[in-house]
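For reference, the chains in residue letters:
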Amino acid sequence: MRVLILGITGAVARRVAMGLHARKHTVVGIDTRPWPDAPKGIEVHVEDLRKRAAEDLFRTRRPEAVVHMATVTSLRVQGEERHRINLGGTRVVFEHCQAYGVKHAVFVGRHTFYGAAPDSALYHTEDEPPKELASFPELADLVAADLYASTALWRTPQLATSVLRVCYTLGPSAQGTLATFLRGRRVPLVAGYDPLFQFMHEDDVAAAIVRAVEKRPRGIFNVAGPQPLPLSVIVHQAQRIGVPLPLAVLRQLIGRFGLPRLPPGALNHLKYPIVVDARSFHTTADFQHQYDEIQTVQSFLAANPPPPPRREQVRQRLETLGVIKR
Amino acid sequence: MRRQEVEERLGRLELPFNAYGVDPYGVSRWHLGVVFEVQAFFYRNYFRVKCQGIEHVPARGRAMLVGNHSGGVAVDGAMVVASCFLEANPPRLAQAMAEKFIGAMPLASVWASRCGHFTGLPENAQRLLEDERLLLVFPEGARGTAKLYPQRYDLVDFGTGFMRLALKTRTPIIPFGFLGGGSAIPTVANLYGLGRALGMPYVPVTPYLLPLPLPVPLEIHYGEPLVFEGTGNEEDSVIQGYVEQVKARIADIIERRRHERWQGEVKP
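Quick note, the sequences are listed as chains A and B, same order.
Residue numbers 0 to 325, in numbering that gives the first Met the number 0, belong to the letters of the first sequence in order.
Residue numbers 0 to 267, in numbering that gives the first Met the number 0, belong to the letters of the second sequence in order.
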């Protein structure tokens, strides 16, 4: 099968590309970032998805399946540009899919779209609408892109559409929201709260997307693997130091003193759980995760040990410069 | 000794804890250990709880414990949960459907959820029952705990959600009567304004002001399981009829036990 992957240089997308390539599919990728050491046989084009050259790839390569992972999730990119990429890009993808006879489109979204609230059900099902907009407007474009992709299910019935709402990824690459949050030595927590976090090994996420490409399940699916864990347990097992701070203090400190930068809405994700029920995907796509929650945390820890204390870092730097001797 | 007993019972609790001692709902073995050690003291030594009919609680599989609220704070719920853990064989974790405000409160939300008590939403309840868990429901809701001392044995209106859920999930209902909570926390007034300010439905006031429970003997009486046939989509009048049967059964348990105490009969 000819598969076009949009946003192919992301950590998970690379794994998807290699997984599909290993299963003898023809893989073509588009990204604005290069992938210099891409395996032989995987064709990578450095293009903007919204430009003519990208459409040419749809026309000339005639992919049978398209995996759309070219959304910007980093909250550092904000404003008009982010909206243009996420919403405009998603619209372009589905227009091209329709125009060039693509049979199957996979949209990779996030489970955080369901929103974190004290009165939400613990396990969210696909029947629930994404309702994160009220408390976390920074996610509006992503939620809108997810809903736009979902409408393709009835707008273009000839195109099989799979909307995947994938939980946090964790693994050796240390990319993704949760991994970035855990990267430092100290991890801020909201005092008095300890939400459940649901995560999957990045290889399992890639395997799930490969499975979706091959099985072509039509509909909206939550994608999750092992059971969730309380955030404090993840922090402890990743050998990080949890720093519980009152919410008012955390709001002031976030983005300073080495703490990760988070918009105010994201703080709700440190108070209340977002956990999804993925039974539908497991059944429809016949998918089983390979890594349990313990192996997943261990794989992250093995590749990303906690940074040494600041004092030790300064000492090492001074030693390197020859200012002090060991 | 209490610690040993709690540890031994925790070991027999049939929940799928992982290597970190956490189950798929976030129920934590460590948190349960701490809470049950405290609850065991209150259950055995402080309230000297008398529990009757625990054999009606199934050893495994889905079931719904449905009873009356008694006492201005959740002493009744805590003691029912403790009775299922300390008296049942094998021990069972009764998972209560908590009021929504608890989920928003710092610390309370963590301890409640780590011990398996989630916000009272139909989705949460259905999932737990389909997972063969033991659910604890007080259909009187917050109105039940707001009863003042003179109304301590009365039952206020029951919600009907629990019955639709029981029919939908084919779950047996185990009615229970809780006695003594009204005397343990003799509520003389409820401060609704202060409660709203604190994010709670109300704050109960006792003659000694604080809603701290007195060391009054408490009683829990479990009745025989009630099984209703249906789909959960029946007319309101049908559901209301079933709910009234459960309510009458609970009222009967309470009245019978009050009569026995008045007659001076001592039954186990």
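A few of these clues could be false.
What the hints assert, rightly or not - Straight-line C-alpha distance at most 30 Å; calculated DSS-like pairs for lysine-lysine:
no.: 1; chain 1: A; residue 1: Lys214; chain 2: A; residue 2: Lys324
no.: 2; chain 1: A; residue 1: Lys102; chain 2: A; residue 2: Lys39
no.: 3; chain 1: A; residue 1: Lys130; chain 2: B; residue 2: Lys49
no.: 4; chain 1: A; residue 1: Lys23; chain 2: A; residue 2: Lys130
no.: 5; chain 1: A; residue 1: Lys130; chain 2: B; residue 2: Lys99
no.: 6; chain 1: A; residue 1: Lys50; chain 2: A; residue 2: Lys23
Derived from the structure by calculation, the hints contain no laboratory data.
For each hint, the structure was consulted:
no., hint, verdict
1, A:Lys214 with A:Lys324, "violated, 61 Å"
2, A:Lys102 with A:Lys39, "holds, 26 Å"
3, A:Lys130 with B:Lys49, "violated, 47 Å"
4, A:Lys23 with A:Lys130, "violated, 39 Å"
5, A:Lys130 with B:Lys99, "holds, 18 Å"
6, A:Lys50 with A:Lys23, "holds, 29 Å"
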